[in-house]
Amino acid sequence: MSEAAAVETHEHAVVDQLEPSLTPGNLGKLGMWSFLAGDAMTFGAAIAAYGALRIGNPNWPSPAAYLGITTTAIMTFILICSSVTMVEALGSIQTARMARYRNFMALTVLGGVLFLAMQAFEWHHLLGERGMSIKVDLFDATFFILTGFHGCHVFGGVVYNSVLLIRGMTGKLTPAKANLVEIAGLYWHFVDLVWILIFTFIYLI
Amino acid sequence: MTTQAAISGHEAEHSGPNYIAVFIYLSILTAIELGVYAMGLPQVAKVGLLVALAWAKAVLVAMYFMHLAMERKGLAIIAIIPVILVTFLCFMLLPDLTTRMWTKFDHPRPVTDAAEMGAHPVAPPPMQTP
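Protein chains in written order, with the working numbering: chain A, 113 to 317; chain B, 216 to 345.
One chain only, chain B, in its complex shape (with noise of 0.2 Å):
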């Protein structure tokens, strides 16, 4: 291939999205985190938002430098097969998530102690002799 073909041929295939108005986007959307993180909100607003504007720029990032946006269906698929895959192993880990996080909030446990059963303690079954 020439230069001259090179260049002709490539130049349409250059002629995608505004790279510096990407970086601007991502530049905002930073700032936007930094102001998130500095402002003291509630924990699970300040996370929400966070990741909110996380996706978003890993979306920018995907989309527009890594040309998914123009590419053909098939990268796409291949891109968004992880995602799906973290996603389902997320929710995989939500049971014992949940289990642990229960055992954070310190419910009273339900009395097993004769001495504080007060008056009338449930005598233990008799043991069993063979």
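Isolated chain A (complex conformation) (with noise of 0.2 Å):
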């Protein structure tokens, strides 16, 4: 071998072991990454118009007048413990403990099931006795935009988690596919992260 040719191989042995190859399991999880960096832009870009609207407009209305905190606050909390319900889901799977892989991850899609329960109670509360609706003004219309382009995603990731338990349930889920749960996690963790910046700019400021 001459010295040229061996030092491109050890040249390419090097770049092997700096890059290891895409294996399905973090292949899936680059691929839901891009997705969630995408749909962090369309969230981000919504957001930002939001405030572009509500600065130049001197007659944006109080939220305070309108939304009521008591509720979101509890929405919040409620998100907040279901993300954490689904990082148990995801150790206990990791760990071959099925059991309690499906236990937390029934109070996953629980704590999803009462957030969109409780958002539809906050829509009928606002739609009927407040008159809001999306066409009466931007103040209206962007609520409930926002508020319901997230509420869809949380309808989302209550669908993907029932899979996911469905399949933990019948057995075809297994300790090895615990990189599926992971992926799923991060999508629901997004969802999460979201709400806190749409109960932050929405309903406290």
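These are calculated hints, taken from the structure and not from any lab test.
Since this is a predicted model, take the numbers as computed values, not measurements.
Every residue gets a Cβ at the ideal spot worked out from N, C-alpha and C, and that includes glycine.
Among the hints, a few may not be true.
[Claimed, not checked] The calculated label-pair distances, taken between Cβ atoms and stated as ranges, are:
#, chain 1, residue 1, chain 2, residue 2, range
1, A, G143, B, P232, 22 to 28 Å
2, A, L142, B, A253, 41 to 47 Å
3, B, P257, A, T183, 35 to 41 Å
4, A, M281, B, G289, 17 to 23 Å
[Said to hold, decoys possible] In silico BS3-like cross-links for lysine-lysine, where the CA-CA straight-line distance does not exceed 30 Å:
#, chain 1, residue 1, chain 2, residue 2
5, B, K288, A, K289
6, B, K288, A, K141
7, A, K141, A, K289
8, A, K141, A, K284
Two chains, two frames, a set of hints: combine them into the complex.
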């Protein structure tokens, strides 16, 4: 082997050591992170647009006059709790404690369903008693679009987690496929993260 | 992979952050947020504090629940790109916002009406006939 060829072979070996091959596990994680980056841009643009509309309008109503903080504070707490149950579900399946995994995943799904139920209750109250509607003004329109878009994400997460729960209950999801739960967890925590920002920008400020 | 192998292979992976501690921090920060909201602070201080608290909570979720603190740097770069782009977007909106905010303060407009200019109105330039 010539000296140049030997150097080239050595360089390839160094590159291979630094860059591990893409396994189905980390490829899926990379895919989910890429999706979340795009989704974060969508939410970021929507929140920036909300800020621009609000700052530019001196007649923007105070959210405290229309939106209830108690209900949404409880909703925030529920989502934070469901994030904890999600990481516990992941830890359980990674250590092959399947019964514990099913319990924590069921609690995560329950948290999502509770959140959606409370959001439906809040919307019902705002649309009915408060007379808010997406057609009334920009305050109402931005509120329903932002919280509705986030609610769609929660609904998607509930379906996603339910599928993983059912697969765990029927024995189709094994500890060897724990990476699937980790990828679903990324999505669920992202939904929690976005709600933290929406809660602050839409309800509290 | 056997179940035993899965246990031994993943136990080390799971020995990560204390999630209950993260949960407690998030709950405390949420309680502080509600306190700031209820305290009746001046709007600038209230907005500044609430935004800082929200970002602290978001960073906690991303770093520990989403495992960014333990992941390879490549994923952190993917995660930070939307933050940079949205910050850039906010700066792009600033010129428009500052212009519209300026109009809220009702600065006295320069007098252009001849009647308001008193005894020495400036005559308009003569019409040009083709």
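Here's how the hints hold up against the structure:
| no. | hint | in the structure |
| --- | --- | --- |
| 1 | A/G143 to B/P232: 22 to 28 Å | 24 Å, holds |
| 2 | A/L142 to B/A253: 41 to 47 Å | 43 Å, holds |
| 3 | B/P257 to A/T183: 35 to 41 Å | 27 Å, violated |
| 4 | A/M281 to B/G289: 17 to 23 Å | 35 Å, violated |
| 5 | B/K288 to A/K289 | 24 Å, holds |
| 6 | B/K288 to A/K141 | 14 Å, holds |
| 7 | A/K141 to A/K289 | 13 Å, holds |
| 8 | A/K141 to A/K284 | 20 Å, holds |
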